[in-house]
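Asks: Sequence:
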Amino acid sequence: MTDPRPSATVTAEPEDGLRPAVQALRRQWIAAVATFLLVAGLGMLYVLRIPTEYQAGAVVSFMPRVASTVGGEVTSLLVERYPEVVASENSIDAAAAAAGVDPAAVSAGLQAGIQPETLNLVFSTTLPTNDQAVAATQAIYDNLLQVNRTDPDLRAVTVSEPLGWGPTGASTTLWTAAVMIAAVTLAFTVALVADGLRRRNVTQNPS
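Its first residue numbered 1005, the sequence shown is counted upward by one per residue in our numbering.
Please note that the accuracy of each hint is not assured.
What the hints assert, rightly or not - Have a look at the derived ranges for each label pair, beta carbon to beta carbon:
(1) V1197 x P1107: 51 to 59 Å
(2) T1189 x N1094: 49 to 57 Å
(3) S1080 x Q1115: 16 to 24 Å
Simulated from the structure, these hints should not be mistaken for laboratory data. Please read these numbers as outputs of a predicted model, since none were measured by experiment. Cβ coordinates follow ideal geometry from the N, Cα and C atoms, glycine included.
Please model the entire structure based on the sequences and the hints provided.
Replies: Below is the structure:
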């Protein structure tokens, strides 16, 4: 007797998703591992060579010594005088001596400016160690207060004394994570490309 039910036709599902990629990685694991080790090794050498620098800073606020001085005049006096005091030769030399570094190193890492819409002067130094940065900032801070003692118009009021602000730039952890991600991505890509070339060669030259 013939079975009236239609016979089921089995069709092969096309490979999709991650399966082909995983299979390619298994076939080309040597190339993938070699690529990962090469990229990760070179990347970590680069990360280890990145110099770590530390920043320290202070905030000094100013107010008029004479009550009749208007706000705009105070701001103008502050902008004209004190960023120059921070960057003066006396400040730089004192900071360099305190930190035990060359004056050029202090100048290169020195920043100073007035916070918008305030009478606050913010300045910072960046040097190879936290202790050096704090010492340099303290020396500049002391020189600024010394100069301010004879200022007939403005009186300095400390908001934040010299304090270490920590390392500058991206942390080593972030750099390491970026290197590892790049190494894995390139290793995976090399495995896919190598497997694709192998399969094309087999197709063109069947045994």
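Asks: Where does the structure disagree with the numbered hints, that is, which hint numbers, in rising order?
Replies: none
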